[in-house]
Amino acid sequence: MLATARTFTLDGISARPVRVEVDVHRGLPGFAIVGLPDAAVREARERVRAALVNCGFQFPLSRVVVNLAPASLRKAGPGMDLAIAAALLCASEQLEWEGMERFAFAGELALDGQVRPIYGALAIAEAAREDGVGSIVVPAENGPEAALAGGVEVVPLGSVAELPALAVGARGPEPMPLRLRPDPAPGAPDLADLRGQPHLRHALEVAAAGGHSLLMVGPPGAGKSLAASRLPSILPPLSETEALEVARVASATGRLGGGLPAGRPFRAPHHTISAAGLIGGGTPPRPGEITLAHRGVLFLDELCEFRREVLEALRAPLEAGEVSIVRASGRRRLPCRFMLVAASNPCPCGRGEEDPDCTCLASSVQRYQGKLSGALADRIDLLAAVAQPSAEEIGGASGESSATVRERVRAARERQEARLGHGRCNAEMTAAEVRGCELDPAAAALLADLYERRRLSGRAHDRALRLARTVADLAGAARIGEGEMAQALQLRRRDRA
Amino acid sequence: MPESRACVECLRRSWLLSLLGPYLEKTATGAVGRRSPELLRLRNEDLVEVVAPSAGKEMIRRVGALGEGWFAERLDEAECWAICRHDDRFPPGLRDAADAPWALLGRGDPALVEAIEPTAAITVVGSRRATSYGREVARDLARELATAGLVVVSGLAFGIDACAHRGALDAGGKTIAVLGCGPDTSYPAAHRALWRKIAETGAVISELPPGSTPWRWSFPARNRVMAALAGMTVVVEAAAKSGSLITADLAAELGRDLGAVPGPVASRASAGPNELLAGGACVVRDAQDVLDAMLGAGARPLQRTGPPLDPGLAKVLAAVEAGATNADAVATAIDLPPGGAAAALARLELLGYLSTTPIGTVTRTLLAAG
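From first to last, the protein sequence lines are chains A and B. Residue 63 in this note's numbering sits at position 63 of the first sequence, with consecutive numbering throughout. Residue 299 in this note's numbering sits at position 299 of the second sequence, with consecutive numbering throughout.
Calculated from the structure, these hints are not laboratory results. Quick caveat: nothing in here was measured; it's all calculated off a predicted structure. Idealized CB from N, CA, C, for every residue including glycine. Not one of these hints is a red herring.
To be clear about the criterion: a stretch of chain A counts as covered by chain B if any three or more of its residues have a C-beta under 8 Å from a C-beta of chain B, and this derived list gives those stretches:
{"id": "1", "segment": "197-204"}
{"id": "2", "segment": "360-372"}
{"id": "3", "segment": "385-393"}
{"id": "4", "segment": "445-452"}
Pulled a few chain B residues facing chain A out of the computed Cβ check, cut under 10 Å:
{"id": "5", "residue": "Ala269"}
{"id": "6", "residue": "Ser270"}
{"id": "7", "residue": "Pro358"}
All chains, please: the whole structure from these sequences, using the hints.
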């Protein structure tokens with residue numbers, strides 16, 4: 001006899017519908033799965049068999065063929081176990097389920113029939129809603145996460161043994177949706193930990209206010225990593241849609257274990273990372289670090305140590321806010337709207353050429369700094385030279401807390417949104433919008449002077465204007481004044497030596 | 001293409017040195033520093049006797065067979081000119097040096113090299129591994145000396161040399177690069193753009209023929225040319241044992257003025273010049289010191305004061321002079337509002353008092369406060 005069940009397979013961070021067809025017919029006893037299964041799906045055979053038997057069902061002594069349709073789509077992961085088990089029970093006439101086509105199933109089975117949590121329950125529930133599924137059966141642990149999707153009934157299931165009860169309409173209460181946490185958790189890293197270094201704090205604030213990417217250059221131990229890790233805490237809180245986007249990525253990569261991580265994500269991949277690891281890749285494509293940093297901060301420590309092709313690969317996604325990964329089976333788009341923060345030593349030994357103990361060769365320093373100005377140079381707006389804070393500064397009073405700074409940043413972002421439209425910030429201004437910025441005559445003169453005398457490139461000119469606009473937004477000024485322009489000129493990243 | 005003004009005998013010498021390159025390298029190793037200028041004093045026959053007794057005779061025979069037409073063709077191909085010690089217009093500075101090269105091959109403006117009086121040229125040399133202080137001083141010094149009409153001579157190397165050339169070019173002045181390889185190639189290759197710029201507006205010269213690769217011995221050899229060309233040699237930054245100090249020694253032996261830019265006593269990069277100062281070299285704090293030493297005190301005053309500063313900016317400038325190298329240090333030193341330090345530094349940079357390095361640190365220029 002034939003039975004079908006609906007399920008979904010995870011593809012990137014979204015899910016695609018899959019139909020599980022199970023046919024039980026006479027012949028040599030056997031169990032075959034067809035339809036481009038990966039190793040984990042193929043192994044469902046053993047899990048399903050053991051789970052059914054251990055829950056008191058019969059495993060049919062007949063020929064069992066499982067087809068996963070569409071046959072052209074590659075199916076991955078153990079999430080299809082539950083659908084296979086349900087369809088098999090119907091096909092072997094151990095279960096009678098009126099209206100089963102309204103249901104979809106997602107879950108991994110343990111050998112004792114328990115339903116184990118899966119990755120991407122939120123994406124699956126959303127896909128189920130789009131696909132017109134009435135109820136989606138998910139592992140009990142994934143219930144709250146799946147309920148975030150809305151518009152589809154979520155049925156948490158603890159064990160295969162509960163399927164017969166479910167088939168006759170027995171339902172527990174629907175799980176409460178997971179609480180979104182747009183604000184950083186209390187006790188998260190706070191900007192107050194950064195003592196002294198007023199200029200670095202200011203650079204962080206400007207970067208956060210305008211969404212500008214930031215490069216910090218200084219010796220090891222000068223507080224670069226500390227500063228970068230505090231950046232998410234001064235960014236404005238996530239909006240509801242943004243928080244949902246963050247949750248979707250976290251769900252698809254299995255990082256929702258202990259509830260949704262609070263606030264904006266902060267990712268700091270090691271410099272040995274591959275291009276695929278950073279921007280996403282593999283078959284089927286898995287999201288990379290930049291997607292994990294979506295709506296948050298991507299911190300590249302030791303920028304010069306990253307492989308060139310890795311940094312080059314970062315270019316297009318940084319511009320577009322999404323990364324598209326093309327495989328023979330099609331193209332996936334993964335979101336990656338993040339703030340880039342990078343840090344570097346001033347020279348290979350890290351001491352800096354000013355230090356008498358620096359032993360780097362001239363050519364190696366040049367190559368190193370050349371990498372700095374080559375790597376992503378045109379994508380980085382702000383440059384902050386960081387020096388070791390003095391003993392008094394380290395021992396001194398702690399600085400302003402993240403909450404205070406975040407309030408100013410939020411106000412500046414509101415001004416930008418009022419001017420540019422919802423969700424946009426100064427770093428994203430188009431050339432036309434940049435030219436439209438209002439300038440004091442004195443500020444205009446300052447910029448023109450620099451442009452003429454220092455042969456500033458057009459891009460550097462626009463970068464200075466964007467930064468000046470952000471500094472003015474922080475100050476609450478409608479027009480860019482001379483002071484704001486001067487600040488921006490010092491904060492901007494220099495083109496080259 | 002200006003025709004060659006060098007006699008065949010002197011051109012043969014250049015090509016002979018190029019052929020002898022690896023042999024000289026072997027002989028000169030160990031005491032590379034001092035020996036190659038001394039070796040190069042020798043006449044052809046004696047030179048090959050010392051460095052390549054077996055293969056050398058054959059080399060002399062080979063270059064001896066080369067004729068005027070062949071040299072003219074090679075020079076034409078490489079777009080180079082040549083001048084030799086038998087020509088009236090051979091630089092007088094090289095004429096009175098015992099170990100002067102026989103011929104100079106070059107690219108760019110031959111008139112600049114011909115008849116260049118030592119009093120009209122200044123050699124600026126220093127460490128390849130220079131600090132931003134050294135770079136800034138070298139560039140400023142060269143800029144002002146070029147403005148004052150002097151030709152800036154240096155060696156196109158990384159660090160101080162390149163800054164000296166760039167400073168002269170900034171001011172629209174003349175500069176000569178003396179190379180340790182043929183004049184038609186840039187060594188280091190990374191300075192190709194600079195090399196081209198110098199060849200366009202000034203001159204690039206060498207005692208080796210076009211196509212020659214650089215050797216370890218050829219750098220002390222070109223140092224003696226740099227030392228002899230100019231009336232004064234200024235060492236900006238140099239480690240305790242460095243090629244720049246060889247240039248300084250050679251200049252002193254020739255009776256040229258020797259200047260050094262003082263640096264922090266703890267800085268390895270300034271150990272060389274500080275040592276020279278202790279030994280009696282002229283203190284060079286700015287271009288005026290150089291002009292005074294070369295031409296006599298007050299002979300040619302320089303105009304180098306910047307625009308007047310308001311008290312706030314003057315305070316920031318004082319903080320930088322006291323050792324603050326970034327905005328954080330300035331902001332902590334004089335308690336400015338956030339962003340205030342950045343704005344003040346930007347204004348000072350625009351006024352010419354400061355310059356910013358590509359890694360964001362600031363350096364004081366030589367411009368005196370008005």
